[in-house]
Amino acid sequence: MSVWTTTKRIARYGLIGFLRNGFVSLSAILIMAITLFVIAGRIIFGAAMHAALNDLRTKVDVTVYFTTVATDSQIQSLKQSLSSLPEVASIEYVSREQALDEFKRRHQNDQLTMQALDELGDNPLGASLEIRAKDPSQYEAIAKYLDAQQQSGTDVGDAIDKINFYKNKTAIDKLSAFIDNSRKIGMAIAVFFGVATILIAFNTIRLAIYTARDEIGVMNLVGASHWYVRGPFMIAGVLYGIVSGIIVLVALYPIMVWMGPGSERFLSSFNVFTYYISAFPLIFMVVMGSGVALGALSSYLAVRRYLK
Amino acid sequence: MIYFDKVSKVYTAGGPPAVADITLSIDPGEFVSIVGHSGAGKTTLLKMLFAEVLPSEGNVYFGSRDIATLKNGDLLQLRRNIGTIFQDFRLLPTKNIYENIAFALEVAGKDDEDIQADVPHVLELVGLADKIWNFPHELSGGEQQRVAIARAIVNQPDVLIADEPTGNLDPINTHDVVEILKKINDLGTTVLLTTHNKSVVDSIGRRVVTMDMGRIIRDDAQGRYVL
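Line by line, the protein sequences are chains A and B.
All residue numbers for the first sequence refer to the working numbering, where the first residue is 199 and numbers rise by one.
All residue numbers for the second sequence refer to the working numbering, where the first residue is 33 and numbers rise by one.
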């Protein structure tokens, strides 16, 4: 008998078994859909947390505030010495006037502050340099360098009013640690639910095959090869996986649409819906791949017990 | 053709043997009834023929080949060459009658045209041509057993094993099944039948092997049910 004929027959019986055992198929599909939902949720949640962490990292910078009396040459000289540091990616100069404009813009609805500013008459803000490092871990070194400059008592050092890194840093460190922990907890929960639902899905398929054990016995008896017995069950398992995968991918669409705006507000630059669309090939492959693998493997293992 | 050579089977170590020191030879074309009380070892003896049970001691030969030494592929080949029917019919409940019989042919590697021709033919032989698209649960016990017979003989096996085939049937269906078995035997197939039914054995009037406590206590060429 040709391999093609055998394959065709196995596929046909797999499909027939899948369709005729409607209720069993339905329960296996629903259970498997939960498993795949957890897996897909884990991917999206992981990406959201990753984006949040990265976003936070880019918010780190070192800003040097100069005294109001600092001269242009003092500022330029510090800027030049900073640019020669290998860790520094960019330096942005904010003049006293720009700082004032920005301050006014931010407090334009705050009458009290604006009044106080008017009463001062003079611009109370100093110029500043916003320094970005090539890598977040290098801020420490830049901050130390600036510290040393400030303590040095040189002309340039005297012009420095304050360096706001450490205050920023503790807040950011705390937040990163929080996100990192929630990622780990999220991962642990996903693994827990993942394993639990995989076991339930496996058991559901095992029960479905248990009900067919006599049938498998008969197949053994009439001389069916192991693959001929196993094949249709594995095809049915693969079909469970594919159908549950489709259910999950379709169900995720409205959920992502619904969660999109909220996620963007909460995670600033990350929109779960945009992510779902852009990462769809990945999510599709993982969800479908897991479904097919889980279905086929569960069936394979479950049938194995009854083959003689 | 079938030869049991000093065969014993013990299921649990230290326990009583299910069959003990059986030597039995069966020629091609024979119709052998194996009778005995429940637990006499009849079913164990038959199961050893298609290697569902392997002997603890001794050898079972089918033709010139020792069944215990058969490799997987040869074993499948052997099973396709032995038709089996049981008291509980053992049809595939999720397949209709056509598919149940076609399955045995597919397993044996027949192509689709042959299957489409053979299935209605064999169903006609057992008188069930009109039930071809029904499912097993839609058939009576006697009809199901006839389907099982059709499945067992569709591959034209050398041997037909019938393990208590009439155990669940009323006298009329019992008579029908026995007649079909006789017809199959007349066409040249070796038939091994186990039964409790005295009237079945007496009506066949062929060789009768009587078992008790795992041993053969009588072997009569034209036997009757004596226990």
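Be aware that a few hints might be false.
If you want the footprint, here are the derived chain A segments under chain B, 3+ residues with CB under 8 Å [to be verified]: (1) 211-224; (2) 416-425.
Under the rule of at most 20 Å between Cα atoms (straight-line distance), these lysine-lysine pairs were calculated in the PhoX-like manner [what the hints assert, rightly or not]: (3) A/Lys332 / A/Lys382; (4) A/Lys332 / A/Lys342; (5) B/Lys103 / B/Lys79; (6) A/Lys206 / A/Lys277; (7) A/Lys367 / A/Lys342; (8) B/Lys142 / A/Lys206; (9) A/Lys372 / A/Lys382; (10) A/Lys506 / B/Lys103; (11) B/Lys127 / A/Lys206; (12) A/Lys506 / B/Lys79; (13) A/Lys342 / A/Lys382; (14) B/Lys127 / B/Lys142.
No lab work stands behind these hints, which were simulated from the structure alone.
We put the beta carbon where it would ideally sit given N, CA and C, even for glycine.
> Honestly, which of those hints from before does the structure not fit?
Replying inline: Numbers 3, 6 and 13 - these are the hints that the structure violates, sorted from lowest upward.
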